[in-house]
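*Asks:* Each chain, written out:
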Amino acid sequence: MPISSRALAVSALALLLAACGGKKSETTPAPAAEEAVVNVYNWSDYIDTTVLEDFTKETGIKVNYDVFDSNELLQTKLLSGKSGYDVVVPSGSFLEKQIQAGVFQKLDKSKLANLANIDAAIQTATAKHDAGNEHAVAYFWGTSGVGYNIDKVKAAMPNAPVNSFAMFYDPKVIANFKKCGVTILDAPDEVVATVLLYLGREPMSEKAEDLAAAEKVLLSIRPFVREIKSSGYLDDLANGEICLSLGWSGDVGQGKSRAEEAGKGVKLQYNIPKEGAIQFFDMLAIPADAPHVGNAHKFINYLLSKDVAIKNTNFVRYASPNAAARDGIDPAITGDANIYPTPEVAAKLSPNLARSQEYTRELTRVWTRFKTGK
Amino acid sequence: MAARGLRLGRLLVIGVPMGWLLLFFLAPFLIDFKISLSEVRLAIPPYAPLLEWADGKLVALHLHLTNYRYLFTDSLYVSAYGYSLKVAAVSTVLCLLLGYPMALGIARAEPARRNLLLMLVILPFWTSFLLRVYAWMGLLRNNGLINNLLLWAGVIDTPIQMMQTDFAVYLGIVYSYLPFMILPLYTNLEKHDGTLLEAAADLGAKPLAAFLRVTLPLSVPGILAGALLVFIPVVGEYVIPTLLGRPDQLMIGRVLSDEFFANRDWPVASAVAMLMLLLLVAPIVAFQRLQNNASEAR
Chain A
1 MPISSRALAV SALALLLAAC GGKKSETTPA PAAEEAVVNV YNWSDYIDTT VLEDFTKETG
61 IKVNYDVFDS NELLQTKLLS GKSGYDVVVP SGSFLEKQIQ AGVFQKLDKS KLANLANIDA
121 AIQTATAKHD AGNEHAVAYF WGTSGVGYNI DKVKAAMPNA PVNSFAMFYD PKVIANFKKC
181 GVTILDAPDE VVATVLLYLG REPMSEKAED LAAAEKVLLS IRPFVREIKS SGYLDDLANG
241 EICLSLGWSG DVGQGKSRAE EAGKGVKLQY NIPKEGAIQF FDMLAIPADA PHVGNAHKFI
301 NYLLSKDVAI KNTNFVRYAS PNAAARDGID PAITGDANIY PTPEVAAKLS PNLARSQEYT
361 RELTRVWTRF KTGK
Chain B
375 MAARGLRLGR LLVIGVPMGW LLLFFLAPFL IDFKISLSEV RLAIPPYAPL LEWADGKLVA
435 LHLHLTNYRY LFTDSLYVSA YGYSLKVAAV STVLCLLLGY PMALGIARAE PARRNLLLML
495 VILPFWTSFL LRVYAWMGLL RNNGLINNLL LWAGVIDTPI QMMQTDFAVY LGIVYSYLPF
555 MILPLYTNLE KHDGTLLEAA ADLGAKPLAA FLRVTLPLSV PGILAGALLV FIPVVGEYVI
615 PTLLGRPDQL MIGRVLSDEF FANRDWPVAS AVAMLMLLLL VAPIVAFQRL QNNASEAR
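Which chain is which? The protein sequence lines are A and B, in order.
Each step along the first sequence adds one to the number in my numbering, with nothing skipped, and position 255 is 255.
Each step along the second sequence adds one to the number in my numbering, with nothing skipped, and position 99 is 473.
Do not rely on the hints blindly, as some may be mistaken.
[To be verified] Examples of chain A residues lying across from chain B (beta carbon under 7 Å, computed): (1) 72; (2) 127; (3) 372.
[Stated by the list, open to error] Okay, the calculated beta carbon distance ranges per label pair: (4) 463/B to 212/A: 29 to 39 Å; (5) 662/B to 36/A: 51 to 61 Å; (6) 231/A to 606/B: 23 to 33 Å; (7) 37/A to 394/B: 32 to 42 Å; (8) 258/A to 590/B: 53 to 63 Å; (9) 524/B to 151/A: 20 to 30 Å.
Rather than coming from a laboratory, the hints here were simulated on the basis of the structure.
For each residue, glycine too, the CB sits at the ideal point set by N, CA and C.
Next comes chain B alone, as it looks inside the complex (with noise of 0.2 Å):
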């Protein structure tokens, strides 16, 4: 009796999320393969159906792999692709060296202001991602708060233009996408045995070799926990691009969105989805296997 309780429960456990993960990941990554293979028309909705029914029996079944050709055709997808990649990896990066010390300032304080300084990092999240891009915004412009006061101050004579730039959108990403950096790696630091250090100073380890032969060792996993977090949305990324940068500076999401409301052509958009989908898989595993390697090797 008491195994079988003990067996419905591990079923429910595993169940739930399991559930949640085929309710709204797997169905919906399996409508919309659906879609990337059928053909546009005019209609509600918007694309023919894969399957041909009568009778209650199967006619026919309508594959169309041309919306996929159709990505290779025009240098458009691939340079879109590639910039995506480039930006999400430059942000990763800008987050992680941004984020590294803040986890480890957090950590190693004292237990009474960690709480504090951990709600001083989620504290943004209390207002909605969009309104925040938008105080990017005013602050930015030309008629804005930055350079108004530049200009009142005298240090400038004619508005700097930030708006539409490289370094509004990576300012913009790795504002939004900051803590996701920190709060992985600052579980990670959070944890580590501060006797290890001591031990390093005593065998003579300077503070910055300490840091780099033990500190960063032990942190590798929550350094890719936190660049997965990091680098997957920012490669979708529609928002801050479209509200900051500029307008030849074009990612996935934004190619995405084009082909979805402006084109109305809901395969070609699915198809665009599925291939992002593919080129995330890749680093995926990679930082997968690396971090099976890391914690193989503790």
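So that you can see chain A by itself, here it is in the shape it has in the complex (with noise of 0.2 Å):
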């Protein structure tokens, strides 16, 4: 007995010893020199792989290139501390949190050349997330629609209002596609808004009368929803496992070419409905302790340039906030307004903003009641 008790103060006190070491650590200054590497953290399938390699040649800096398929997931990496990335691409009502939260550091616009790419408008809608974009700049924006089979959904419901969230929120609508299937995606304040603007009232509301008229809504439809998934929903419209997707434009983008690679006849389609709809930007930001920042910064600036976007969204089908990119981009992109929409359906979406704690907290509980239907 007495040997496991001395073992276990001896343990102890090594334990002691490792943390106050691990205090002393953080004092230790950074070295004067980078080295030639650069930690970029992305959401998956959001880049053309051979601009990294590009991007390599030109620099000589080496990109550890790694990918996160949430939000949630990246926040919470950044939260803990010492993430050790150099760059990463939060969306914009997480990004805002974020700032508030001191998880970022400014932008060295003098070494952002190329941040006169970026089209004015969207500019101004993300300044509503980062106040005179000091944080962070926009890599893509997208909204959330209705994504569907083309055939399926004729089958299913001839007449179907496939410009409209009705699809979804309308049980009469949405019963007739149970069978074939359908998902809403697992991204509360996104989904709750566009229930919001299905009903006419104000998407960003925090008011709790709103809040219970959504719920209301979303436990009525409950029955008919199969899934409620924000990743593998793209792969499943494309072979055919389900018929209707509460989804992001450029994922059903991606799902419409693998469903052509697939060529089992499956035919996709994207709409943002006539209600209006949410945007998202996905947002370039350097972690206040990112190891690299220089480098940082070019990776960044070379993003932004003119040649790269157009690469870049060609093959990631979401829109460019890059204005001096657009003529160059593949046409079928440019010109399909679901995703480069035209003013008059530009001016009806409203950008997802931050909500606070509280109503966090709220909108999680019902969350959980509509997933689980009680």
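Using the hints, build the complex out of the two chains.
*Replies:* Right, here's the structure in full:
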């Protein structure tokens, strides 16, 4: 017995020492010269990988590229501190909160000559997340709307209102698609905002009565929804497992090209609903504790250059905020009003703003009731 | 001198696993407990410090028990705990019913074939757990292998909905955790003295009676070990119900991840985890006591 208690004491001491050692090392100054590396953390399927190779060829900087598939995951890493990443890509509403938490450093705009390429209207919109666009610059943007299998939807309901949120939020309509399969994004703030759009209410409202009204709609359609998820639905759409998704514009676009590659005759379409849509911006930003700040600026500036933006957009199929690149992008993308909306439609898009902590808690609770159907 | 060397050796032998437990069990537990008593805030890290220091002196200690109280104000948490315990209990029984005959079969097989059979039990571990769950998704989905085969054979006209059902969740869990039931059972059964059964037969016991009165009682420690190895991880299981289950089957693992990721509320998430641990202590203690009784009875 005495041995084990002594062993305990020794181990506890070792632990304590390790903990103290950890504290000390925080104060070590950063090395003066930067090694030729940049650590990038981006959404999955969100870059043309040859862009990374070209960047290394041109600058000699090696890119360590890593991907995530949810804002929540990225946020958790950032809030834990010392993520080790130099460039990350949160969506606007998350970025807004993260700036308040002190996660990001201000961009050194003198090192970002290509900032001039960004569309002024997009700059105005992203400034709602980040006053003066001091911490981040838009990478791509998109909307959440109606993604569907043209033939299956037509078979299930010949006169389906495919350009309206009624596809999801009118129980009489969505009931028709129960059998062929419906998914809804697992993004509480965004989805509730679309319900409010459908109800003709203010989408960013935090009023209890609006949330209650949205909950009522969500519960009424719950029996007809097969799955609530934000990843994987594009494959399900592409292989015919489901026929209708409340999904993101570019994801459905990628599903479309995967369905064409598979050659099984699945035809997909994405529509921005007539009620309007929630618009999100994915933003390039540099964490406050990034180890390679200089290289991070070089990398962001590279992504903002005209030619790189053209190449990237042709691959990713989301709308690029790069005004200089617009004419060089594949006309099939720029000409698709559901990716690059007309000015009238664009006027109906609302940015997805950050909500308060109290509202988020209420929202998550409503969302859990929606998921569980109780 | 020799005694001293022996003591040092003992110290090392006991110290290493002790250190391991301290570092990888006690330390995370204490950190988790600490976070569960703090308050959420928007910063790095996203919770307020418990202790406030100024000039190297302790100024204030902030303890928030509200996180725990909160768990009882909303029926969500209680029902999720209940459902998790139910799933874990049912899965454990299913694993036992399936695993016992398999373990017995392996233990009674020719020694040369035993290794092969054991290999087959362990073989699935060579592939990632996540990949195996995805493989089940490929088999079970409406457009998947099983439905397509049945449709092609003309057995059914419309696909059977297997994904997002209780059936899929239990299938996934039992499939994944079965080896954890079989292996401890096998180690126990393999040690049984065969002459006991011969003696039972000589005394007129039929094979079933011999099994019930000799083999089964002797294997209780193995059953308990296997049951613990299945029950405890299944209570906190997150991946299988998320991938195979219906969204309305809310297990505590998913509630925990919602608190952590969606609500960005690490303190409440930590409180959920602490309570889960407390819930597990009761069955572990009960199992332990049963096991002690079983070994004393021998």
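*Asks:* If a hint holds in the structure, say so; if it does not, say that too.
*Replies:* Here is what the structure says about each hint:
A distance limit of 7 Å between C-beta atoms decides the matter here; for residue 72/A the minimum to chain B is near 4 Å, and the interface restraint holds. Here the hint on residue 127/A is broken, as its CB sits about 20 Å from the closest CB of chain B, past 7 Å. The criterion of a C-beta within 7 Å of any C-beta in chain B is met by residue 372/A, whose closest approach is roughly 4 Å, and the hint holds. In this structure, residue 463/B and residue 212/A meet the distance hint of 29 to 39 Å, their C-beta atoms being roughly 37 Å apart.
In this structure, residue 662/B and residue 36/A meet the distance hint of 51 to 61 Å, their C-beta atoms being roughly 57 Å apart. Checked against the hint of 23 to 33 Å, the C-beta distance between residue 231/A and residue 606/B comes to roughly 29 Å, which is consistent with it. At roughly 34 Å, the beta-carbon separation of residue 37/A and residue 394/B lies within the given 32 to 42 Å, and the hint holds. Between residue 258/A and residue 590/B the beta carbon distance is about 54 Å. The supplied range of 53 to 63 Å therefore holds.
For the pair residue 524/B and residue 151/A, the beta carbons lie near 24 Å from each other, so the given range of 20 to 30 Å is met.
When each numbered hint is compared with the structure, a violation occurs for hint 2 only.
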